[in-house]
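Line by line, the protein sequences give chains H and V.
Using our numbering, read the first sequence as starting at 90 and increasing by one per residue.
Using our numbering, read the second sequence as starting at 90 and increasing by one per residue.
Errors might be hidden in some of the hints.
With a cut-off of at most 16 Å between alpha-carbon atoms, the simulated EDC-like pairs for lysine to aspartate or glutamate come out as follows [claimed, not checked]:
no., chain 1, residue 1, chain 2, residue 2
1, V, K613, H, E589
2, H, K613, V, E302
3, V, K610, H, E640
Covered stretches of chain H (chain V as the covering partner; in silico rule of three or more C-beta atoms under 8 Å from a C-beta of chain V) [as the list claims (entries may be wrong)]:
no., region
4, 581-589
5, 608-622
6, 729-735
Since the hints were derived computationally from the structure, they do not count as laboratory data.
Backbone N, C-alpha and C define an ideal beta-carbon position, used for all residues, glycine too.
Number of protein chains: 2
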Amino acid sequence: MAKVADMVKRVLVGRALRSAQAHEQLLPKRIALPVFASDALSSVAYAPQEILITLGVAGLAAYHFTPWIAAAVVVILLTVVASYRQNVRAYTSGGGDFEVATVNLGSNWGLTVASALMVDYVLTVAVSVSSGVENLAAALPFLADRKVAAALVLVALLTVVNLRGIRESGLAFAIPTYAFMISVFGLMLWGGLRLAAGTELRAPTAGYTVTGEGVGIEGFALIFLLLRAFSSGCAALTGVEAISNGVPAFRKPKGKNAANTLLALGMLAASMFAGITALAYVTGAKFADPSQGSVVLDESGRQVEHPAPVIAQVAQTVFSNFTPAFYVITAMTALILVLAANTAFNGFPVLGSVLAQNRYLPRQLHTRGDRLAFSNGIVILATMAGLLIYAFQAETTRLVQLYIVGVFVSFTVSQTGMVRHWNRLLRTTTDPRARGRMVRARVINAFGGLITGLVLVVVLITKFTHGAWIACAAMVVLFVMMRGIRRHYDNVATELVVPEDTEVDESMLPARNHAIVLLSKIHKPTLRALSYARATRPSTLEAITVSVDAEEAAQLQRQWEERGIPVPLKILDSPYREITRPVLEYVKHLRRRSPRDVVTVFIPEYVVGHWWEHLLHNQSALRLKGRLLFQPGVMVTSVPWQLHSSDRLKGRPESFAPGMVRRPYAEAGKDDQVKM
Amino acid sequence: MAKVADMVKRVLVGRALRSAQAHEQLLPKRIALPVFASDALSSVAYAPQEILITLGVAGLAAYHFTPWIAAAVVVILLTVVASYRQNVRAYTSGGGDFEVATVNLGSNWGLTVASALMVDYVLTVAVSVSSGVENLAAALPFLADRKVAAALVLVALLTVVNLRGIRESGLAFAIPTYAFMISVFGLMLWGGLRLAAGTELRAPTAGYTVTGEGVGIEGFALIFLLLRAFSSGCAALTGVEAISNGVPAFRKPKGKNAANTLLALGMLAASMFAGITALAYVTGAKFADPSQGSVVLDESGRQVEHPAPVIAQVAQTVFSNFTPAFYVITAMTALILVLAANTAFNGFPVLGSVLAQNRYLPRQLHTRGDRLAFSNGIVILATMAGLLIYAFQAETTRLVQLYIVGVFVSFTVSQTGMVRHWNRLLRTTTDPRARGRMVRARVINAFGGLITGLVLVVVLITKFTHGAWIACAAMVVLFVMMRGIRRHYDNVATELVVPEDTEVDESMLPARNHAIVLLSKIHKPTLRALSYARATRPSTLEAITVSVDAEEAAQLQRQWEERGIPVPLKILDSPYREITRPVLEYVKHLRRRSPRDVVTVFIPEYVVGHWWEHLLHNQSALRLKGRLLFQPGVMVTSVPWQLHSSDRLKGRPESFAPGMVRRPYAEAGKDDQVKM
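Same shape as in the complex, but just chain H (with noise of 0.2 Å):
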């Protein structure tokens, strides 16, 4: 049984990677862009729509205001472009958004970004999965009733296979990334094309009406509205910062190689959510959600329940004429999408490691190497993305109403920060030429971080009671939580500084060591215990037993004297038949009767194979041992014996770590801590 259960183990988990393989492999650009672009692409799945369903809020009149919405869209995406390609040629270490914050704006800052990106993280998983089988119903209609189970199933399988550490390589990313942007222009030049020649193109809902709650609205309330639909559509802009995590993953000049794929991965995000608006506003694609307030109705005036993605009915109208082309579009959504989920599963455990490296997360999240960091990372992601998908029941609208919170914090603390930066260098610098740069480059910053601000306002003041607040709260409790750890840390180190003129010389010696010797019968684990300890040669050494029962206190006593065992044996009695205490108050009274001295407790150990022997054994021992550490000037020390049993767990191996591709082992190892 155990056998087999540490097969499946072995095969679901895998075994360690080599992480000296990953060094040399850094990035070309070609392979870059996909890797670091499913999240940015993925987002043209979900975004227009998006548009349309807080538009219908408004009726189908507001329909009319796609293009503008969209337009505006784009413009911010280019201007975050513009922004982070400022941010990558000065921060080359992919520390991202968090080391500018920390750098630039404090501590405080940073643990900012740091709480925003790990909500985003939950949100792209819960996210691009919920999107992903939205868009497979399209094609598989048996999935549609059965979209929260499909979503957690597909979740609970990028958690097996990156527990199991996937071997990433650039061409896993490189291959459905091009496959789909191959897809999605193909589809928006078969569709101009169609549209040159004058064919009429219109989708399954063209004839279809949408009305919502809103109809009829006018002046600041469509305004509202209106800047509510800019701040859905805004949902295109998640994961464009990416690269800012990635550049050491880039060959040389990484800064500018990084900002050039930067260019490019925006210029292909922004052409192809026009495109995507641009047809489905041309051939009438209809998209409501009951949720938001709008509701598609057919021509009999009934209310459609779930219309086909916009991406899906857009392909389906353009491909009219030939339908394997919409499955492959469809295929090539879902498979980008999931792809972008799998992005958050390898960037949380690295966050993760950064802001433990930091002491704002446990220690143990740092030391990359370790399994257990990465694993722990993995599952409360997993986790965390799972609660949401089912408290929303994979509904991606509902869940997109909580996303770009996260991504426009980020986005405008870390523009604030380049500002500073410039700043900071421009008072050192007199080169004219650099100052050029420096002061064109600030512009840059200052005019990306004064318009996300405003996005970022306004996704406020929007959002906010649509769901915004759960990530804004989020946020607030991992900041005052991660804040707690760090200051729990200090104080912890505080307590533990040795003073510097401290002369660390025989004075500290403690003048004696008594030992004492645990046991309650005579037999090997006893017997090493006590050839141990004697090993050790210690001041004075005594064996102790507890009596509970007058009777085998009395046997334990006479076997003793028989082996002739040239240890004194002392007998404590225990009228209340305890362990624990009998032994504390001898030890105290040993410490009362020295206190230059130190007692060492030796405590025989089993080592068990099974889970379930540990509740068999050590019990007593552990707790025995858990007691003495509260004395001052006491050692315990285990003197294991192995059973049979525990052979088998001897030679299991102990890492591996995903996220080497985006953020290269060597690299980040170096430069993880961020310098404050």
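Use these hints to put chain V onto chain H, whose structure you have.
Relative to the frame of chain H, chain V by itself:
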């Protein structure tokens, strides 16, 4: 916050009890009776109506079998009492059926009885609490729709009270038990008087009719049904054996006093059961349960959903001219049922402790004085009972189907064991008077074993498909688990035994002791670890650090030299940024170089005061320790550093023990281990 939680816990769980107080307090018979009676007497609250339910399956006509069934139950009850009078005289140690079976029939039969008793304790809680709520609902109608919740709340209350370690006193048992007896006998007397005076007593359901799925059956099917009704009525016998576990609590002569108390208990239980059944019969009370195939119909032929419990109907009828008495009876019934459930809360952990002493359960359950041992038992019992209550929706009738299997298994096995006991004694006894007594006792036990065995077969045949299979399955699982645990402990003991001729002398001593101190930076805990390690005067001493960051390691090296620490520092490279593996490799290397030596690894360990601090500290150290223990020839020494926060946990009390009245401390201690 933590302080408040602590206070709440202190209030709910309470302080340790001094066991010494309990020692002297042996029970006079008038107090012993109520202490052991609640379980047996409380079954009159449900046993009579179980007979009616089953008879009702054959329709109202079958009700005239009631007196015959009741008479059969009374005969069995008195037979069992007569048999157990022999048990308590012969076995005064309080080991009960487990001891009788183990000593006379071997450990497998002892374990069978133990499994049966454990299942029984769980069912005692589930049945008694459910029936208690049912009776309360007769007086407080708003409970009728909230039975499950009310029952679970009662179980939770009992759990808290028992975790708190109620200071049991004979009086606490005596008052409600005597009050219940007085109420029931008052009821019987008053009913008898009114009937004698010619008053016609008609139960509220007297005009109703009963029908069932088996109306019109005859021949073998009818006999089967009557046997099933009889099986159900045998629920009246549960708890009769309780005294056999409590003999040590009696004054001397313990055996005789216990036997006489048992006789009194048997007479009381028999007359109360007979009296209530008779009154129900005479007043024409109807009761049925659709889950068992019978239904009560009112005058207009509509099904009555929740007929009042039989004892409540009887009380209502008899006291129709004096309503307060009805409420008293109902309250007393509920109270005695809760008291009966409480006895299981005392008995279960004690049984667990006895089984642990005999190595059928984890050792940790053994030490009586330890809070954890008893809390574990109490929580397990409450959880199992709660699950049963939830699964069976607190319906007494459905739970009773599972109940009596366990009781009759232990009756039968125990009586068979007693026959063996007498056979053995007769083989060595020559005194004719003593032999006469023994032969008489053997006849009684043989008859008891035969009868209870027959009843067991009847119960199994008639109830197996009605739920008894669940109890059987649970017993088998427990049996197999306990055998497995015992086998494990036996194997380990064999593995560890020291051959008789092993000399404990210098030749067993390791040649030298290599000490290494693990550290990552220089602070107080590591300096303490260093000086303690030096105090043990090892043959060699090195400080070891794992370099996950070359810069940090270099800095540590510099500080080390600056401070002039008189211990060599060795830096282990870790290209994978792991901690565990390099240390393990190094220790293995030391061992390989000198296999006859022992390696002591000193690990500085933080002692913290809050549970969440464990997440922030020591995780790497603990993991490392866990791995080191698998290496032979290695000791791991924790050098604790008490953080300020640990102060709050220093003086926590740790012990108490419930169940002391039924099974006094000093006595039980001596006899827990059944000699085999």
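Here's how the hints hold up against the structure:
Distance restraint check for K613 of chain V and E589 of chain H: the Cα-Cα separation of roughly 12 Å lies within the 16 Å cut-off, and the hinted pair is therefore satisfied. In summary, the hint linking K613 of chain H to E302 of chain V is not supported, as the alpha carbons are separated by about 67 Å, beyond the 16 Å threshold. Taking the CA atoms of K610 of chain V and E640 of chain H, the gap is about 50 Å. The hint is violated against a cut of 16 Å. Judged by the Cβ-Cβ criterion of 8 Å, the region 581-589 of chain H is covered by chain V as claimed, because 6 of its residues qualify and three suffice.
Proximity of the region 608-622 of chain H to chain V, defined as three or more residues with a beta carbon under 8 Å from a beta carbon of that chain, is established by the 8 residues found. Three residues within the 8 Å Cβ limit are the bar, and the region 729-735 of chain H against chain V gives 6, so the coverage statement holds.
The structure does not agree with the numbered hints 2, 3 stated previously, though it agrees with the rest.
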